[in-house]
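What follows is the residue order along each chain.
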Amino acid sequence: MAKLMGIDVGSTTVKVTVVEDGKILYRSYERHFAQVRETVIRELGKIKEQFGGEFCASITGSAGLGLSQRSGINFVQEVQAAFVAIRRFYPDADAAIELGGEDAKIIFITGGTEQRMNGSCAGGTGAFIDQMATLLNITVQEMDEYALRAEKIYPIASRCGVFAKSDIQPLINQGARKEDISASIFQAVVDQTVSGLAQGRRIKGKVLFLGGPLYFLKGLRQAFVRTLKLSEENAVFPDDAPTFMSIGAALHSAGVKPMAIEDIISAIERAEGTDEVVTGEPLFKDKAEYAAFVKRHRATDLKFADIATYTGDAYLGIDSGSTTTKLILITPDCRILYSHYQSNNGQPVDIIVEKLSEIYRLSEGRISIKGSAVTGYGEDLIKAAIKADFGIVETVAHFKAALHFNPDVDFIIDIGGQDIKCFKIKNRAIDSIMLNEACSSGCGSFIQTFARAMGMEIDKFSQLGLFAKRPVELGSRCTVFMNSAVKQAQKEGSSVEDISAGLSISIVKNAIYKVIRAASADELGDNIVVQGGTFLNDAVLRAFERETGKNVIRPGIAGLMGAFGAALYAKEMSTGSSTTVGESGLENFSYKSVSTVCRGCTSKCNVNILTFADGSRYISGNKCERGAGKKPASEDLDIYAYKQARLPQCIVGTKGTKGRVGLPLQLGMYEQLPIWAGFFESLGFEVVLSEKSSRELYFLGQHTVASDTACYPAKLMHGHIESLLDKGVDFIFLPCESYNLDERDSVNHYNCPVVAYYSELLKANNERLDDGNFIMPYIDLNERENTVKKLCAALSKYKIKKKDAARALEEGFARFNRYHADIRAKGAEIISKARAEGRQIIILAGRPYHVDGEINHGINKLLTSLNLAVLSEDAVFDEADLVNVNVLNQWTYHARLYRAADYASKQRDVNLVQLVSFGCGLDAITTDEVRSILEKNGKLYTQIKIDEINNLGVVKIRLRSMLAAIEESRKIESVAKI
Amino acid sequence: MKKTTEQKYTHNYRDDYPRWQSWMKDSYKILIPDMLPWHFAIIERLLKLEGYDIEVLKNDSRAVIDEGLKHVHNDTCYPCLCTVGQYIDALKSGKYDVNRTAVMMSQSGGGCRASNYIPLIRKALKAEFPQVPVLSLNFSGLEKDSSFPIGAKLLLKLAFAVFYGDAIMWCYNQVKPYEAGRGTADKVRGELMDYVMTKYEKGGYARYKKVIRHIVDCFAAVPRTDAKKIKVGIVGEIYVKYSALGNNHLEEFLLSEDCEPVVPVLMDYVLYCVVNNINDGDLYGKKGIFYSVNKLLYKILHRMQKNIIKIFKKSPFEPIHDFEHLRACADKVLNQGVKMGEGWLIPAEMAALAETGTENIVCAQPFGCLPNHIAGKGAIRTLKNLYKNENIVAVDYDPSATRVNQENRIKLMLATAREHISAEA
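Heads up: the protein sequence lines correspond to chains D and W, in order. Residues in the first sequence are numbered consecutively from 1, following my numbering. Residues in the second sequence are numbered consecutively from 979, following my numbering.
In case anyone wonders, no lab produced these hints; they're calculated from the structure. You may find that some hints are simply not true.
As the list claims (entries may be wrong) - Short derived list, chain D residues pointing at chain W, Cβ under 7 Å:
#, residue
1, LEU25
2, THR611
3, CYS736
Unchecked claim - Pairs of lysine to any residue residues, derived as SDA-like cross-links and limited to a Cα-Cα distance of at most 20 Å, are as follows:
#, chain 1, residue 1, chain 2, residue 2
4, D, LYS826, D, GLU879
5, D, LYS790, W, LYS1265
6, W, LYS1265, D, ASN782
7, W, LYS1366, D, ASN782
8, D, LYS906, W, LYS1366
9, W, LYS1264, D, ARG202
Just so we're clear, the structure is a prediction, and the values are computed from it rather than from any experiment. All C-beta atoms in this analysis are idealised placements derived from N, C-alpha and C, irrespective of residue type, glycine included.
One chain only, chain W, in its complex shape (with noise of 0.2 Å):
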């Protein structure tokens, strides 16, 4: 390919969008769309607490899904089509003042489509909306003028906050199916949710062994019966996992089948970005000081980790995965280098998740998504080839497609896995 060398005009096509600037800090309401409720409060929480005045929006009625579907492109996929529908909905409700409101989202800066979403949601806005700034949350260097700020502290306690929101979701989904007293689990979240948020008001977030030993303790607590119930995994494209606007509701669906929903933790995630920075120097020699940072965090990250397995060892329940584990698993199915979207991340812990007893799998994905014909759909064959008892169920979620669809294939599932279940017996 011809290098364009000569000093080319740029012609700009780019509309004009309000930026943020650091003074609306003081005067502004942060909007955020709600993905996992318990980990979006520790961080509203937080960040309140840094000076932001941020709200998790929790609308949810049709009208959001409504909203959407007027603003985005419908062949979008639909994790943005309920995030602008979250956004304009609220801005309409009149709850806000709608001149001192902005809005943020996550920007990963990787090759699906979902880097895309602020500019997307900005042309949403631009009709009605037009003086909403758009803020970025990223780590990639993008949208320069209207990112939001991190630094390497407000990024640690992030992390804290991912990993006490983790740590609560993953005991309450292995108590609450078994609890014996009606609502005692979602009592124990209640006061661990308090107990968390204390510790970023009062001091001691940063003693995070203390804080998780505490959170298991107190789940442990909880008496459980033992009934047998099937165990079903949850992995996915990113937001359909996890919201329960965008996957209809699905864990509480899971628990009213009699199952336990298995939802691999945010932290999983988040470390399989850093991770990805990493490969991308292993696997294409790119070693500049961007790798070096990412190594960096990455240990720090995976050693808080490791510390937190060990005190799931000593609890009564199934530990969260070890992210080095996890790439194994990957391993065997495809190459690391799948990295858009959650890429290979999803085989992993589909793979992870058989490996401890969890065959029955539930693999969300919005309508159309890309990466996951490849890392979702694609790799269906290889992990059955590998985990011969492994029961996948591919959903679809999107605006049009009915409840009693994804339903009934996700009941087809469970049919094979009583199945298995009696076949053993």
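Here chain D stands alone, though its shape is the one from the complex (with noise of 0.2 Å):
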């Protein structure tokens, strides 16, 4: 009888396996670095030189099902392979999960088979593992060790890989040691397994765990066993986790037509790849094009001193991006002493003491610096550490360097490891900004990762796209998205080259139409100046230049515009004499790690502690100013504080006789409340409120949580439901509303369908709500009567007379009405104050529900910590006029956006920030709105995007770069009145 044979083919490696009589021959694990095709042939070769003759063969893996298609070799899907050897071997098991390369599958065996694979947004896979690694610059080996010391685990986003990664950057920012980093991922990735697989299915019994990440790393391993709770006979490692698919494959081919192995072999020698894959046309047509589009560019480069010989003053600029630091230093006529551009591999503190170390040596005493400016993510950590003069807002600095190179320029793009981001400059001021959201993070660290895992280095791998013959079409989303279009495009036998300049052409795509958001290219402006890191890439250039079909400027230190803008600042800024540390300083320079929660109050930030060597210290991770162990700024101006303390006063607290009601506070829930409470309380029950929001409330019902791509808030509100089952509730009451309150300023007032109807969804996937415990009657709050009559009907158990009933309605709309005119007294008490005081004022639009400190990450609180007042939207919008909009306003929370953003605009000394919760399809349309509203009247348009993210450093950078923008318009309106 012939063997069997079971060829996987995954996103980064080829396994095959030989089985004959239920006993494994041969088993072979390699990694095939995109030479799909190849390597499956020389993997077979051996086969061939080891045992010859027939084979039964089944391919299977998310990239052999091309192969298989085209070959004709049977095809099994890969869960299904997996099911079949795991009921082979390890009949009594009871789930398991597989991680592979890009794909992440569970399998329950009991109580109804299911099999479940990632959908098409979910990063927490093995090539996110590897894109950590590269990000923490060691090996995945090396990040296993370090997760095996950990201390302590940091939350992170897990939905999704490129949102982990605006997570950990400013953790290695903030000097976090690597082990609890390390360690803080692979939670991450189990986080992602339970909450975007399980969907409400909880993993117990005895559990599988399979693929390569699972068997090479036992920080993953322990990570998951101590998330699933589950005892060491119930958590299996198989040895053969790795080619467990090959082995079900090969399982799965008895009764596939035997072939003879060297047909085999030719019939996946003639699989050629098809035309599938679309491509475009090369970035250069040959070498002398290429080499006039050098020369056009050397042009601009800066002149240079040398640093041996010259003497004079100097001024020093730094910019502490997210994974490189930059530093420059130049003479007062702006030629180069000294630059240097590295990845910071998770230590810019050590870096900069180094090099200015060496500026000093090389410098001999002859070279006085008379200032020093720090920009970029780490601006505060390196200020602190080598005492530089001045910090300055790394969108400003980089303005100033853009006009250095360009008085007239109006446009500047620049794209970083991390981070992406644009201005557009009118009459020589910022006049709006745009930062790419962290779900579109398709910048400079994707290209290397992707370098890597082709086993190059990024240098090279980007040259190879510069004379690609048909670069592939990738798309311009997301990283998950592109790691599968390569995939795809590795499947259909694209060459390294065509992907290296697809990647190039994807990312300046990514840039003009996801983050500028340019209809044509005309919009961006006549005198562009590019810059970056990524700029330096002369594909990502040439992509640039073909796609807006204009010629721009790429400054020679393209890479140190930030550094070199501080520098500038630093000039024009400068005292004639420098606090930055000497020489003798830097000898005994060192500095202490430690991390640890603060607890100033209830957020329980976790916090970094440096201390330095002269004993003065820097804090960073905290979300306000009394983790950094200064006072706090004053919540009076902050009318998301006043909101957060008056809302749960619209409870009373009468112990009832009835029974206790539970309200889950989140969603419609932050609007409602006092309606509900009024109601409730009027009517003889006693309001039982959910536990405030946190990540811990959030893990507490992440089981639940039935649609992975569903924004923060409403993946909250499991947590809530749970933690009000546990209050032991006699029920939880949460309607179901299409409609919302007609505030008579829209041409409907819906909710929005997840506020709508999320009550349907938490009862389906709650295995312990029913219809007792978790009442949702379908009310239309703006027919009383109606309601009255639901809601006696919902409530029958309590035998409700429709009187009491709706004299309690009238009660809670009592409440409703006080506590929407306290807060908008309490808004215009705020503008009298903040106007008093001479403070800028900050409308932070959002829906009800982003009051929530664990869905706004306490922004209010960076608002006020940088002296400024905050209002919300639905504080003022009844003090705007009426707005007739573009879009169909027809949503009533979306209605106050465009209402609030009307009152900003007639106010000088306000502005608006939107907050969109990621996930939210409707702000797809509002922010365009609101932003053209804003826009229209010549106020800057800020949005920030919120999840599960836990850091505010970007948001930050961009608010600070807001606020210099509105200063800097301020001193051009006041030289024009002058």
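Given two chains presented individually in distinct reference frames, assemble the corresponding complex, making use of the accompanying hints.
Next comes the structure, spelled out in structure tokens:
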């Protein structure tokens, strides 16, 4: 009888197994570095050597589908393959979890067989771990060793790799221990698997762990076992885990027509790529075209001065970026004395100190630093470490640098390692700022990760793309999507050159269409300066010029522009002497890093304390000033703080006789709590509020989340329900409302689908809920009489008279109206106080539930710490005109946004910042409209996208950029007046 | 909430846009996006007979998606992106006089984003084709200055067209996988399209029982094998459920995988919209003239549907779902108050399919579709409790979601389906 063979072609590896009489004769595990077909042929060649003869063969795996279709070799879906092997070798398993290169799967075996794969927006897989290791500049094996020595776990967003990245980056910059970060990354993968895949089903019993990452990474194993609370005998890690699918595929081949190994190999050899991959034009026709291009860009390089001979003054600029550290020393006439660009390896302080020492050594006392400035993510940290004179907001630094190269610049785009920044310049001031949202960070480090995955350095990798014949079309969305697009291209046999060029092009498209959202290239302006390390990559630069149809300026120091801008700023602001640590100070420089939990308030921020040799300390990770050991900014001018305190006061706290009703404080309940508290208390119920939102609360309900791409407020709701159930309430009340209250300022007054019907999803996916303990009547609060009827019916068990219910609802509305009147009054008070103190006012506009501290992550506190007064949309919209907008104005909460924007437009000292929840589909519509209202009135628009992300670093830069721009335009205004 | 009782000034932030004027009927071409090729072909013809120069767009190259990506906020749902892409790609093609072309889109007026497609299309066209009017096809009194005028008679004609398109699609899907002679089902479909068109041209379109019977008989006459195939239902957001451009040619893929695609009919969606207006009255006591009109409309359409079902019952084909049965199915899963997007219709169809022998289902949705969180993915657990063998895969469609990813997930669903079959055998 022929032997059985299984070939598992995954996204990164090829596994082949040979089975005979139920015994495994052979197995192999090889990385394919995108050379799928070649690797398979090579591996099969080995089998030919060793065994020869006939085989019943099947192909499985995500990259194997195309190969199977074109070679005619049988295909078995990989989860199915795993299932076959599980039944053969582990008949008593209850569930299996398999992590692969880019897929994650769960198979539930007992209690209703079910097989699940991750959706298209889910990162926590092998490729994600690789990416994170690249970020930490360690190998995956080192990461695993580190993780085993961890002392604490940081919360890291687990939904998507890109999000996690923006959580990790600040931790690195703040100097958190690699041990702890590594362990936190593994925990994120576990959380992702548990919430993204299990979706309402608990993973219990005997669990099998499969796939490469789970086999090789002990830290990851530990995290799974710990999180799922598995006993030793219930957590099974098979020795053949990495090749498990190929074993399954082999077993599945019984019954497949046997083929001679030579025929199998030649079938695969014949399986050439098809034309299914969309390709574009080459970046350069030939070498001559490339040479001309290089020459043109050479023209904008800065001059150098020799540090070994120069005597005189100098200014130091440092850009402590997310993945790289940049440093430049310039002469007063802007020649470069010294520059440095380096991946910061998670240790920016060490690098700066080292390079500064080098400068002192090279200059031998001839050069005197008259001023220094720091910008970038690590601004505060570096400033504290080397006692720099100034800090400057990144965006402003970049603008200053661009101005140096083209005084008429009207558009700047900077693509760095982690972010894309674009500024439009009007009247020599920043007019609008666009930053990439955490979701679309297809930036520099993205190419780097890919380069490494293909086993080469980034320079070489991107160089390959320059003369690619047919660059692959990879789409312009997020990393995870691009990963699978690359996977498809590989499957179809695209070359590494074509993929490299495709990546460069997609980064450009991502920037233009996703971040800038330009309808046409003309919108960008005529004098474009491009910068950031990513643009040093000629393929990216070329793709940009191609896509925009314009010749742009790329300074030779494109990667150092932030640092250069900082140096220019230091020069501009210099008082003639500098506080920068001198040569002798550096010799004794050392620091110690300790991470701890701040106990300043209930937020319990993870903070890092760096203690320098001279005893000075730098604290990071804190959301508010209290964590930094400073006096917190007053809550007086913060309506979010006011609302947080005021809302629960809508509950009087009467001990009811009828029973205890639980109200989950999330989504619509943030608006309607006063109504329902009033209603139930009047009827003699005790009102129990769910626990305050927190990450822990989210984890509590995570296993019942059905759709992992829903917004964070919705996903948090699951935890609120669990907390109420744990409090033993008699029932939970959460009505379904297609319609919100009609505020008579919009065409219709809907709730969004999630707010309207989330009760249905909660009930369907939580086994603890039933008709008795979860009451969710369909009501329209504009129809009071009908609402009363519906409420009585829903509460029929308590035999409530209509008359009483009507009165109770009246009481609810009375509390509701008082609540809103109080908010408006407080808003007015804040405005007059702020004006008396000469402070700028920000309307932090979102939805009622954005007042939740776990959802807004304390952005209100950040604003007050920046000396601003904070209002909310519901405090001011009523003061505004009615608005007629382009879009169909049909949601109550969103109608408030448009009016709040109208309000801000009319006040000189009021600006609006819009909070947007990731995954909020409606905001794709509202954000453009709010922006358009503000811009029509000459106001800046700032948008902050929030999710589980727990770091405010990016937000802070965004807000400070906005403030700098406001400040700048005021200066111009006042100059114009004179 | 404080009611804005005093008269407030209304600040106009609306950009000007070209309106549809009635005189344009004679000289303008109206482009409509492709969603259901057979239904829309009939509608195209009947509107031409009404004097409108309608054209259903057939462009589906990658350029369509690229234009969509360029002109629509990328977080907007995929159907909007595809539609706008088709419009812009067509307008740029040089095939049309852009000064004498309008585009048309339906608008439900419901609480999901789809009601905003009209303004989004306007915004997208503004940069390059500011002169092109956008027509709204709606029954909610929206876009009064640019809506497509529909009287009772035209409405009825459209309803017949939907029934006929449904019958052709429904029968074809039951014949195609089993046809003995290659291409015979397609040939019959082509002939029947001509037949229906003639009914509109030469009269007789209103004799719907006769027309449907003819459709059913013609398909029943196609010789079929008795091969065993896996029946796979397609439900979900209306555009990606039906449109090959939206769902990467899902029906063709299923056919190539040796399956029988079971695609619930468009009339279900029409009735769903009508019934929602009735439900609003019943749930919230909003019983005005609108309520009564919809009740009447429902009564008429449902009676026709029942007559059509009777015809199907006498044929070898599985009949279309009775809408009252769909409503009863919905009630087992969630409240019919879930009316945004495709709302309760999705679980209703999933349940009805399970009850009529189609347990394997692709639930298609645009990535990030809000109503689908609740009525699609959110309802799967309940459905699995009700129908123990129901085998559902939720697939997201998106400009960058790759086909290999989608097909791999569908293949997993099919593998489970085959397991079920062999377990039963």
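So, going through the hints one by one against the coordinates:
no., hint, verdict
1, LEU25, "26 Å, violated"
2, THR611, "44 Å, violated"
3, CYS736, "6 Å, holds"
4, LYS826/D with GLU879/D, "13 Å, holds"
5, LYS790/D with LYS1265/W, "16 Å, holds"
6, LYS1265/W with ASN782/D, "14 Å, holds"
7, LYS1366/W with ASN782/D, "41 Å, violated"
8, LYS906/D with LYS1366/W, "60 Å, violated"
9, LYS1264/W with ARG202/D, "42 Å, violated"
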